[in-house]
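Asker: Below, each chain spelled out in residue letters.
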Amino acid sequence: MINLSNHTVTVCDTIPLFAPIDLSVQTGEIAVIMGASGVGKTSLLASIATRTDVIFKNQFRVFQESHQLFPWMTVRKNLELVCQKPYIDLVKRWNLEQYLDHSPTNLSGGQRQRFTLIRGLCSGLRTLLCDEPLSALDGLTGATVAKDFREIVHEENLTVVWVTHNVTEARIVGDSIYLLSKNGLKNITEEDDLIVSILSL
Amino acid sequence: MFRSFLYNILALSLILVGWHILYLVVQEPLIFPDSTSILSALYDLIWTAKFWFSFYYTMRTLLLSYIIGMFITIVIILLCIKYSWLKALFERYCAYFNPLPSFVLVPFMSLFMGLGAAVVYSIIIWNIVWQSGLQVLRAIETVNEQWGKHVQNLQWSGTKALTKVYIPAAISNLIGIASTSWANSWRILISLEVVFGSIGGYFGLGSYIIDVKSKLDIDQMYAILFVIALTGVIINGLLNNLKKKYSY
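Just so you know, the sequences run in chain order A and X. Position one of the first sequence corresponds to residue 1 (this note's numbering), numbered consecutively onward. Position one of the second sequence corresponds to residue 1001 (this note's numbering), numbered consecutively onward.
Pulled out of the complex, with its shape left as it was, chain A reads as follows:
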């Protein structure tokens, strides 16, 4: 699990990006963080990744917007190098079987993102920090992948922080949804309207 209390991220060592926040993500929970561009979502994710207690007590993985497959080896080699668990079922489920022996440079952005997600899910790591992991996918495929991801996370009891700009994706994948602004982190409960909250920012 991840516990942040009175946490903030600064730029130039002194200027805080947002007001201090409290965030608690339980094991088996997916916390989605949304917010305007430049508010500090990726910085928040990076600050969680560099917290020593997260690195050493749990394990972590960051999915950046850029794709992290090594271009000098095939996708299969990329997966084999990192995955501790069988990945082939997930590859078949997301219709990527025929691309396993391709170089990542020959794949589309969406295909690379799905492979990156598979690598994370099968890596055996318990905490996943995902930074817009489906940004290059079309709405329909993105929704399917998000739904599958949610199921696997709950089955495997992983802890996930998921950053996105996509409201539909947030609703599908998230157990809890937060809006980040310079005033801090606001938890969007079921009673709240997500769209209204975003517009009020």
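So the derived list for chain X, only partly shown, Cβ under 10 Å to chain A, looks like this: (1) TRP1147; (2) LYS1149; (3) HIS1150; (4) GLN1152; (5) ASN1153; (6) LEU1154; (7) GLN1155; (8) LYS1164; (9) VAL1165; (10) PRO1168; (11) ALA1169; (12) ILE1171; (13) TYR1246.
In silico negatives: residues of chain A with every beta carbon more than 10 Å from chain X: (14) MET1; (15) LEU4; (16) VAL9; (17) PRO16; (18) LEU17; (19) ILE21; (20) SER37; (21) SER43; (22) GLN98; (23) GLU132; (24) SER135; (25) ALA136; (26) ASN157; (27) ASP175; (28) GLY184.
Treat the hints as calculated values from the structure; they're not laboratory data. As the structure is a computational prediction, the values presented were derived from the model and not from experiment. Ideal placement from N, C-alpha and C gives every residue a C-beta, glycine not left out.
Based on these hints, arrange chain X on the given structure of chain A.
Answerer: Same frame as chain A, but now just chain X:
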């Protein structure tokens, strides 16, 4: 590939046509011999033991100094990665010494070493260290910026990080640097041989040019020039192909 081959044929044909026009205009075989006599001289040359000894001496000198130069560079770079103060010093020395043409050092080095083969080795090594050192350092830093977080994220370190990530990521840039460095060393070596003539019993291709020129064997002189250019083009082509193969 085929288009590149056609361009090469076109470029060589233009040189041959231009050469023949000059031959017809100048009408002085001691300055511009007929292209067929140069080809005939080239054919004779490849059956001469002296030519192959010169070729061997030149390649041996270049390879030896290149390997020593690269080894010194790699050791310095590894130390620079470990000690930031050394990196700061090395960057400054590169800025001071890299703009200095290698030939300027000939009078200075000959004070200590005379006009022997040691000067040739020293100048090529000097050129490799200051010219490629900073480039190698930048290439490694770029790889670290791009993949360092990823390696940290996967919790890899040591040999695994080096062999699976850092070396494959840097290899294309390193081959590019090696290629530039090789081309420069080749030019410097041939120029030094031309200037020095025979150096302490060492007789390379550049020395051969001076030798045949003094005997007024101009056809052979051009034939050797052709061999020097061709060798440079072949090695550069091989290294560039290797670079393309490892570019991602």
